[in-house]
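Work out the full structure, taking the sequences as your base and the hints as a guide.
Chains as they are written, first to last, in this note's numbering: chain A, 1 to 154; chain B, 1 to 154.
Don't read these hints as lab results, they were simulated from the structure. Owing to the predicted nature of the structure, the values given are computational and were not obtained by experimental measurement. Some hints here could point you the wrong way.
Claimed, not checked - Residues of chain B clear of chain A, computed beta-carbon distances all greater than 12 Å:
#1 Asp117
#2 Asp125
#3 Asp149
Claimed, not checked - Stretch by stretch, here's where chain B covers chain A in the computed footprint (C-beta under 8 Å, at least three residues):
#4 14-22
#5 37-49
#6 53-66
#7 92-101
#8 129-142
Every residue, glycine too, gets a C-beta built ideally from N, C-alpha and C.
Number of protein chains: 2
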Amino acid sequence: MTYENLDAKLVNALLGDGRASLRSLAEELDVSVTTVSNHLSDLEDEGVIEGYTPRVDYDAVGYDVTAVIQLQVEGNALPDITDTLRDHRQMISVYEVTGDYDVIAIGKFKDTDGMNDQIKELLTDPDIKASNTSVVLNAVSENEQFELDIGEDA
Amino acid sequence: MTYENLDAKLVNALLGDGRASLRSLAEELDVSVTTVSNHLSDLEDEGVIEGYTPRVDYDAVGYDVTAVIQLQVEGNALPDITDTLRDHRQMISVYEVTGDYDVIAIGKFKDTDGMNDQIKELLTDPDIKASNTSVVLNAVSENEQFELDIGEDA
DNA sequence: CGTCGAGATTTTCGTACGTCATCACGTTCA
DNA sequence: TGAACGTGATGACGTACGAAAATCTCGACG
Numbered sequence: 001m002t003y004e005n006l007d008a009k010l011v012n013a014l015l016g017d018g019r020a021s022l023r024s025l026a027e028e029l030d031v032s033v034t035t036v037s038n039h040l041s042d043l044e045d046e047g048v049i050e051g052y053t054p055r056v057d058y059d060a061v062g063y064d065v066t067a068v069i070q071l072q073v074e075g076n077a078l079p080d081i082t083d084t085l086r087d088h089r090q091m092i093s094v095y096e097v098t099g100d101y102d103v104i105a106i107g108k109f110k111d112t113d114g115m116n117d118q119i120k121e122l123l124t125d126p127d128i129k130a131s132n133t134s135v136v137l138n139a140v141s142e143n144e145q146f147e148l149d150i151g152e153d154a
Numbered sequence: 001m002t003y004e005n006l007d008a009k010l011v012n013a014l015l016g017d018g019r020a021s022l023r024s025l026a027e028e029l030d031v032s033v034t035t036v037s038n039h040l041s042d043l044e045d046e047g048v049i050e051g052y053t054p055r056v057d058y059d060a061v062g063y064d065v066t067a068v069i070q071l072q073v074e075g076n077a078l079p080d081i082t083d084t085l086r087d088h089r090q091m092i093s094v095y096e097v098t099g100d101y102d103v104i105a106i107g108k109f110k111d112t113d114g115m116n117d118q119i120k121e122l123l124t125d126p127d128i129k130a131s132n133t134s135v136v137l138n139a140v141s142e143n144e145q146f147e148l149d150i151g152e153d154a
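Encoded structure:
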């Protein structure tokens, strides 16, 4: 075939417009609609593309405060803590990490009061040994998805 | 009308499937296609929905390492640092924050060597007074977008 | 050891059909 | 008065299917 890395190009094109039609993608990549359809199905089956979402501006709907919460946790309680955090719907990312703290979580809140209430509630857990909360003053970039190198795919 | 919060429901439905057709959305929300089309256009114009993207599993394409980088920066150099970080394509989030550090950035890398190289390069900047890198052992959840309360919209 | 080619496999393509998005219009309902 | 609705027309869209092209496999031959 004429295209070495159609899959990567396809992902990159979709990163530009996640609702682009198969036809417009086909034209952009200079292949047939069928080929786009086949490759896209494959990418979805392989799990490279896990789904599609709108990019919601939470600021615009009243979630004005973002916070980065770092926790030191009793070792054996880690799964419980991370489960709890994940199930908090306003937690957008929860990471187990190396370093001074064991967990880093990022959450969004409607105001600092709501944030304080929720964080205080979390910290009642006796397995949390220490915590540190940083409030985001400015989200320079957030949840960016970068384009793939042409040459890498699944 | 019969629906108090069609906008929020519409956003939530799209969070479930960002490529859903207007017709399927209309059926799901029990309103007409015309209404869905109008509201969706409004949401996009208002900036509540900023666009659409595929959810790419970067693990599946070789970016196995995620790191959280915290920096202390000379005050007047902050804009330069955040600009530099944002322009690094592998940085998915860059926040200016309160607390012990001034900047928290989250990046994805193909391996720890690549990570070390990039981070070391960043830290050559004389305006960076201190830094702390945490490697993600387990991404419990990442870039989740939560559903809106029925009752809130733009 | 290199390469040749027939057959099998994979990939790409064009077509066709039913569905979809969009727009303009007038209507209904609170 | 404004928001939601229905209708109809038009061009675009997604998908299925078989044909065509490219690629791979592997034994045979020089």
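The hints, checked one at a time:
No Cβ of chain A comes within 12 Å of the Cβ of Asp117 of chain B; the nearest lies about 16 Å off, and the non-interface call holds. Non-interface status of Asp125 of chain B relative to chain A is upheld: no Cβ of that chain comes within 12 Å, the nearest being about 16 Å off. With a minimum CB-CB distance of about 9 Å to chain A, Asp149 of chain B fails to clear the 12 Å threshold, and the non-interface call is violated. Residues of the stretch 14-22 of chain A with a Cβ under 8 Å from some Cβ of chain B number 5, which satisfies the need for three, so the listed coverage holds.
With 4 residues carrying a beta carbon less than 8 Å from a beta carbon of chain B, the stretch 37-49 of chain A meets the three-residue requirement, and the given coverage holds. Look at the stretch 53-66 of chain A against chain B: 9 of its residues bring a Cβ nearer than 8 Å to a Cβ of that chain, three or more, so the hint holds. Proximity of the stretch 92-101 of chain A to chain B, defined as three or more residues with a beta carbon under 8 Å from a beta carbon of that chain, is established by the 10 residues found. Under a criterion of three residues with beta carbons nearer than 8 Å to beta carbons of chain B, the stated coverage of the stretch 129-142 of chain A is upheld, 11 such residues being counted.
Checked against the numbered hints above, the structure breaks only hint 3 and satisfies the rest.
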